[in-house]
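Going down the list, the protein sequences come from chains A and B.
Following this note's numbering, the numbering of the first sequence begins with 139 at its first residue and continues without gaps.
Following this note's numbering, the numbering of the second sequence begins with 1463 at its first residue and continues without gaps.
If you are wondering where the hints come from, they were derived from the structure by calculation, not from laboratory data.
There's no promise every hint is true.
Just so you have them, the derived chain A footprint on chain B, three or more residues with Cβ under 8 Å [to be verified]: (1) 1496–1510; (2) 1561–1570; (3) 1593–1600; (4) 1786–1792.
C-beta atoms are modelled at their ideal positions from N, C-alpha and C, and glycine is treated no differently.
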Amino acid sequence: MTQILMPALSPTMEEGNLAKWLVKVGDRIEPGQVIAEIETDKATMEVEAVDEGTVTELLVEEGAQGVKVNTPIAVLGGEGEAAAPAPKQEAKQAPRPDMKEERVKTARPEPSKLSTPTPQGDTEIPAGTQMIKITLRDALRDAMAEEMRRDDRVFLMGEEVAEYQGAYKVSRGLLEEFGPMRVVDTPITEHGFAGLGVGAAMAGLKPIVEFMTWNFGMQAIDHIINSAAKTLYMSGGQIKSSIVFRGPNGAASRVAAQHSQDYSSWYSHIPGLIVIAPYDAADAKGLLKAAIRNPNPVVFLEHEMLYGVEYEIPDVEDWIVPIGKAKVRRVGADVTISTHSRMVGHALKAAEQLAEQGIDAEVIDLRTLRPLDIATVIESVKKTNRLVTVEEGWGQSGVGAEVCARVTNEAFDYLDAPPTRVHQVDAPLAYAANLEALALPNVDHIVDAVKAVTYR
Amino acid sequence: MAKANGKHAAEATKDELLQYYRDMLLIRRFEERAGQLYGMGLIGGFCHLYIGQEAVVVGMQAALKDGDQVITAYRDHGHMLAAGMTANGVMAELTGRSGGYSKGKGGSMHMFSIEKAFYGGHGIVGAQVSLGTGLAFANKYRSDGKVCLTYFGDGAANQGQVYESFNMAALWKLPVVYIIENNQYAMGTSIQRSSSETHLYKRGISFNIPGEEVDGMDVVAVREAGKRAVERARAGEGPYLLEMKTYRYRGHSMSDPAKYRTKEEVDEKKAKHDPIELVKKMLIDAGHADEAALKEIDREIRTVVSDSATFAQESPEPDPSELMTDIYIDA
């Protein structure tokens, strides 16, 4: 004998009405045959038989209201029952462990330790290392070229990366060295080629997907988050996406709101992604090489305003900077300035001005936004007792908001003033030169914020 | 388009037909059982059943070689079983248990098997089309001779990234076969209400991708069209588009009463175009098998499916420690 149970017909249904029986006692039924109609709060649904056999009993009358899910409604006998016993019900009826409670008690890690890959290696430049001058643009190119020489699974794709040599000339010379199969000009089709890149990564290649700017990458955000960042988890660890999405991020100069957005906080929100936003050429090169080698999907946020700037870079073979480690750019005793990308330069200038006024600022370049090296910031705050965060993007739900929250939570007793954020004003970025300047954080804003938290 | 009249029967051998019958029946019985477990509250969330469309995946799989990849959207149980993934592993994923293909972390819409070259199982309509094009890009990059089958529905056929992918696939002659499973309803919206051009095989024309309409209820017709398309892609001639005219018997998902179509329409499909009944008729008409032999296959399939239901209920839930695994790979 097989019992037919009142089915749940939606994720939320707990009971329903048995509107109509379409079979009677003595009828032979086949799998797939409609046997009853059931009314839920949303609709009337047909119930199909799964097993074959003869209806020996109808346990619930037609018209019955509020029949609980999993109540036996009919009994089947006859051929087929032996081969298709009703699924065991204990699993449903046994009390389920309270996952919520269990998670909190036994499994839920500390928030600050959430899904953080371990940073490795050391960022210090060895004493006596020869330094050479190079633009940030060429440092990025060299990083890609070195990794492409090292691993033939690495390839670059994007708009104008090959024959045009890069919209910002970042990929200059790569087509000549590596050919069109590994330096791929795409149509203007961000959503498509980002997805194509993730598919190629799932098959084991190591794509570098260049967005002409991250503003255009917004068309591809679904693939970056849903396809690249989540699939390792959703596949139980089977499907890997070793892929780097890179390009210029943030405000350039007079290109208005649609071309000026800072995506730092957007991507740093997402578990499964690594997010890097370097400041100078040494970090850009060392972190990009690390990103290409990393087995996880990486969002690499460059800054157009820095592409042409020359920096010193250590003249060593295979310069690698570890992911997930902040860098103390200036040691100071009175206040901690936590920042990243182009704003590092502003913060360092502000620190010089502040030094003239007798305030000794420590400047921390986060470099990697996910995993966030909050420990370095907290160590600094324990020394300085004051915190100012600086970012180019908007304040609400921003990187600074995250840093302030974690510092407040983990080093509250060390703070002598409320942490303060410096960020873009809460408006789309204007085209007019004066309005653009008013909107973006500058050196004066940082100086003012530091004075506020140091009560000067 | 060839009607579901079995006119291709002569193109398949007895063993092939018996195999298709078995494979299609496994999908149907599996899906019926999944529907039952959903009704018992053992499967949660969304559950999209493949009943009625079985001939498409079984016919296409017969056109592939080992190593060729398959990728699809969220109505994916049939594709996985056709690709050789186990009923136990799929059913246990549906119940969210550790014995599932994604250890219970993916569910109905998100399962994968590298071993069987099945790349999901994707929940965002149309996303799998770009991803599948990328799998084909990797095949070309490596010159490994593999072909990727990229499935999507008539609903996804209106997503922009499908055409972004068509363009790149044709431009770069990627070894990909696009299969539109046109079951005529994108959730509750009929193709006539959603598409200015309802002959979806024409959707590749402006990209120079040849297309053809196929009777998706006839497994042998599917296989023959699949072979042509796959061999063309494998030969380096680029993508091909197959529009499978098919039909889903059930609603879009478990909670869909399917009031956007008539009962007569559904009954007519079931009675006159059922893909499994068609193969059954081919087998009997050709004298390859009798009712008793087919009944025996049915019995074997029922045991496999019943065992999978038992496995899916006895397999433990994932360990709480799984909450924080598979987020990053250690460098």
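ask   = For the stretch 1786–1792 of chain B, do three or more residues have a beta carbon lying closer than 8 Å to a beta carbon of chain A?
value = holds (count 7)
query = Can the stretch 1496–1510 of chain B be counted as covered by chain A under the rule of three residues or more with Cβ-Cβ separation shorter than 8 Å?
reply = Our answer is that it holds, as 11 residues pass the Cβ test (under 8 Å) against chain A, meeting three.
request  = Closer than 8 Å, Cβ to Cβ, for at least three residues: run that test on the stretch 1561–1570 of chain B against chain A and report holds or violated.
outcome  = Our answer is that it holds, as 7 residues pass the Cβ test (under 8 Å) against chain A, meeting three.
key: Verdict on chain A covering the stretch 1593–1600 of chain B, where coverage means 3 or more residues with a C-beta closer than 8 Å   = holds (count 8)
Checked against the numbered hints given earlier, the structure satisfies every one of them.
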